[in-house]
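Q: Next come the chains, spelled out residue by residue.
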Amino acid sequence: MSVFAIQLLNALQYGLLLFLVASGLTLIFGIMGIINLAHGSFYMIGAYMAFALSTLTGSLAVAMVLGVALSVVLGLFLEWALFSHLYRRDHLEQVLLTYGLILIFEELRSLAVGNDVHGVPVPSAFGGSIALGDTMTYPVYRLVMSVVCLAIAAGMYLLIQRTRLGMMIRAGASNREMVGVLGVNVNLVFRLVFALGVALAAFAGMLAAPVSSVYPGMGQQVLIICFVVVVIGGIGSVWGALAASLLIGLADTFGKVFFPDYAGIAVYLLMAAILLWRPEGLFRRA
Amino acid sequence: MPPGGRRAELASGGAILLEARELHAYYGTSHVLHGVDFAVREGESVGLMGRNGMGKTTLIRSMLGLVPPRSGTVRVRGYDVRGWPTFRITREGIAYVPEGRGIFPNLTVLENLRMAARPAPDGRCDWTCERVLETFPRLAERLGHGGAQLSGGEQQMLTIGRALATNPSLLILDEATEGLAPLIAKEIWRIVREIRESGIATVIVDKNYAHVTAITDRNVVLVKGQGAHECDGAAARANPASLASLLGV
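Heads up: the protein sequence lines correspond to chains A and B, in order.
Numbering-wise (our numbering), the first sequence opens with residue 3 and increments by one.
Numbering-wise (our numbering), the second sequence opens with residue 9 and increments by one.
If you are wondering where the hints come from, they were derived from the structure by calculation, not from laboratory data.
It cannot be assumed that every hint is accurate.
[Unchecked claim] Output of the computed footprint for chain B on chain A, the stretches with three or more beta carbons under 8 Å from beta carbons of chain B: (1) 159-172; (2) 187-195.
[To be verified] Pair ranges (Cβ atoms, derived): (3) B:Pro93 - A:Val213: 40 to 50 Å; (4) B:His153 - A:Leu167: 16 to 26 Å; (5) B:Asp134 - A:Gln163: 22 to 32 Å.
[Stated by the list, open to error] A short list of chain A residues far from chain B (calculated; beta carbon distances all over 10 Å): (6) Asn12; (7) Ala63; (8) Leu94; (9) Ile104; (10) Leu110; (11) Pro123; (12) Asn177; (13) Met180; (14) Leu184.
For each residue, glycine too, the CB sits at the ideal point set by N, CA and C.
Pulled out of the complex, with its shape left as it was, chain B reads as follows:
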C-alpha cells in the first residue's frame, strides 16, 4: 500500500511537529515514563503501541501538558512548551481524541462541534462544521440530539469530527475503536485513513495493532515507560512477529 504524493513527501522530510525528549512523568507516586523520546513530523502517521500500563496515554497526556512532566522537554513546532497550559499547546494545531471520547453530554451534536471549531494557527480553515457533517452524515441527522443520546459509534464520530473542526496539523487518536461493533470500527478506520491521506499527521493508539500498522508510516513500541522498539510501517507489515513479542499478543 504505497502512500501517495505530498503526504509521503511530508512524512519523510517534513518538519517536526511534536517532539518529546528524555521525558519522565509520574502518575501520582508511580513513575510511568522513564525517559521517552518521541517525535511526529508533518503529515506523518505514527503508531504508538505497547501493552496496557506501558505509558502510552501518559506520554500523550504529558506532551499536551495534562500531566506535567517531571523532567525532559516537549517541543511543538520547535517551541519549548514546558509550563504552557494545555489550550496553548493544542492551539498550535494539535487535536486529541481521548480514550472515553470526552463528548459533552449536555451539549447537542451541533454545539459540540461549534464550541470547538476554529481555524488553524495559519488561518487555514479546510474543516468547517459543514464539511465535518458531510464526512459524518450520521451526525448530520442528529444535530439537535444531546451528546448523551448518541450510540458509541456516533459519539466516536462526533469526537473525531470535533477534533477536525479545530483544523489540526496533528490528530492524536487514543483507542478510537475500543468498544465499537466491528462494522462501526471499520467505518472509523476508513475515516482515519482518509484523514491521513489528506495530509494531517496522526498518532494512533489502538489495541488492534494489525489495523494500526496497515496505516502508519512508523511504529513506536513502549515497554515499561521507555521506547523499546521502533520500525517503519512497511517492516511492521512484512514481519508482524517482530511486534507481536513486544506486545504480548
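Chain A on its own, in the form it takes in the complex:
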C-alpha cells in the first residue's frame, strides 16, 4: 500500500514539475503563436543557475531568488531582441531561430561550467524524510517541491482568471489588434508573458536540481516531454497543461513500476490514445 502511495507522490511531483515548464511553453505557443524549441534550454539554464549561484552564495533559496530575477531579465531581453520579430513569421523560421538558440545556450553552458555532471545539495531545512507506514519513508524536499508547484499553479490561476493583466493576456490570444485599439500596450503584455514563461521554466530547473542533478542536454529531454504535454492538453490551455502533466506523471511513473521494459513508450501511447479520442487535445484553447 505504502509503495503505491510513494509512487503516487512521485507521479504527482514529476507531473507538477512538468507543468511549470509546459505551462510557459503552451502560453507562448498558444497566445503568441511561437514554437519555442529553446524553452527546454531555460529549464537547463535554471538548473545550472541553481548550481552556480548556490555554490557562490551557499544557499539554494538565495540562488532561487536571484535566479528567478535573472531569468525574468533574460526573458524580457530575448523577447525584445529576437522573439518579437517572429510574431508575423512562419513556423519554419521560428524553429530555425529557436533551434539555433538551443545550440548557443549549450555552447555557452559548456564554456561557462564545462560538461561535467553536477549535484546540488538539498537544503538542510528540507533534508529529512517523513515516515509513510511502518517501513517506508519519503524525502521532505520532494513534498516541498510539490507544494511549491501547487502554489504556483494556484497563483497562475489567479493571475490569468482574476486580474486585469490576465484578461488582457486572454484577450490578446483571441484578437491582438483589438486589444491595442482599446488602448493596451499589447507588445508589453506579450513581453511579460514571455518573461513569465522563461522564469517558470528556469524555476522548475532550479527546483529539480537537487533531485535530478545538473547535466548537459537536460533541457532537450524536458522539451520533448513538454511538447507532449502541450499537445495532449490542447495548445494554449494552461489547465489542459496541468491535466496533461499530471496524466503524464502517472503514466511515466506507473509505467516504470508495472512494465519496466516498456516504460519509455508509456507516455507516447497515452498521447496517441488521447489524440485519437480528442485530436484538439483535452482542453480547447483557453
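Using the hints, position chain B against chain A.
A: Leaving out everything else, chain B in the frame of chain A:
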C-alpha cells in the same frame, strides 16, 4: 432637430480632435486612399459615407495606425501621430467600434468591459463599468456569459459599452447596425444619439445613410479614396438627393 447647448457650441467651435491631411494608404498593393482630408472637432458628429470599397474603413484604420499611411499626416489633438503604435493613439481619447465588433469570445461580458476600462487622458471618469451596465441593462443580465454566447445585438451593445468604458472624447462606429434586426438597430441608434448628446464626438459609418444624416452635424462622402463631397447635416436632411447620387442608392 436642433442639437442642444454645449454640444452644438463644441461642434461649431471646438478644437480639432482628429485630423488627416493628404492621406495616402495602400492595402497590400492596391492604392486605397488618394490624398484624403478629414477632421473631427470636439463634440462634433460626422457621417463618413461612400459605397463599398471607397476607403471608409481604410481611412479609419490608417488614422488609428492600424494601416500605416504611405504619406500624409494624421494629428490627434494637434500631435503628429505618424509612427505611433495604435494603443498610444487611442489612449488620447479615441474609441473604435470596428465592423465585426471585435468582442473577445473567450472573456465574459464583465471581463470584456473591465479589461478595457480606463479614465480619460485628463483623468475624467464619467463612464464607469456600472454606468455602462445601467445604459445597457441587457448586458447586466449576462455579466458571466462568454462573449461568444451573446446575440448579435448584445455583442454590439457590448462593443459600444466597452468603447465607452475607455472614456473617449471621440467614438468611431463602423457599421454598428449591420446585420441587426430592425428593432435592435433602432435601440442602437437611440444609444448613439444619447452618446452624441452627452458631448462625445462621433464618426459614424453606416449603410443606412438616412439614419446617419438624421444625427450628424456634417457628412463626408468618399469616392474612390478621395473626399468627394461634404455637406452639413441640415443640408443633407433637406436635400437627400444630393447624397443619393454619390452613394449610388
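Q: Would you mind marking each hint as holding or not holding in the structure?
A: Results for each hint:
1. With a cut-off of 8 Å between beta carbons, the region 159-172 of chain A has 4 residues touching chain B; three or more are needed, and the interface restraint holds.
2. Counting residues of the region 187-195 of chain A whose beta carbon lies closer than 8 Å to any beta carbon of chain B gives 3, which meets the minimum of three for the stated coverage.
3. As the Cβ distance of Pro93 (chain B) to Val213 (chain A) is approximately 45 Å, the hint placing it in 40 to 50 Å holds.
4. Roughly 22 Å separates the CB atoms of His153 (chain B) and Leu167 (chain A), a value that falls within the hinted 16 to 26 Å.
5. A C-beta distance of roughly 29 Å is found between Asp134 (chain B) and Gln163 (chain A), which places it inside the suggested range of 22 to 32 Å.
6. With a minimum CB-CB distance of about 35 Å to chain B, Asn12 (chain A) clears the 10 Å threshold, and the non-interface call stands.
7. Look at Ala63 (chain A): its CB is around 36 Å from the nearest CB on chain B, clear of 10 Å, so calling it non-interface holds up.
8. For Leu94 (chain A), the requirement that its beta carbon stay farther than 10 Å from each beta carbon of chain B is met, with the minimum near 23 Å.
9. With a closest Cβ-Cβ approach of about 32 Å to chain B, Ile104 (chain A) is found to remain outside the 10 Å limit, as its non-interface label requires.
10. Against the 10 Å criterion, Leu110 (chain A) stays outside the reach of chain B, whose nearest CB is about 33 Å from its own CB.
11. The non-interface label for Pro123 (chain A) is consistent with chain B: the shortest C-beta to C-beta separation is roughly 45 Å, beyond 10 Å.
12. For Asn177 (chain A), the shortest C-beta to C-beta distance to chain B comes to about 6 Å, within the 10 Å cut-off, and the non-interface label is violated.
13. Distance to chain B contradicts Met180 (chain A) as a non-interface residue, since its nearest Cβ pair spans about 4 Å, not more than 10 Å.
14. The claim that Leu184 (chain A) lies off the interface is violated: its Cβ sits roughly 4 Å from the closest Cβ of chain B, which falls inside the 10 Å cut-off.
The structure fails to meet hints 12, 13, 14 from the earlier list, while all remaining hints are met.
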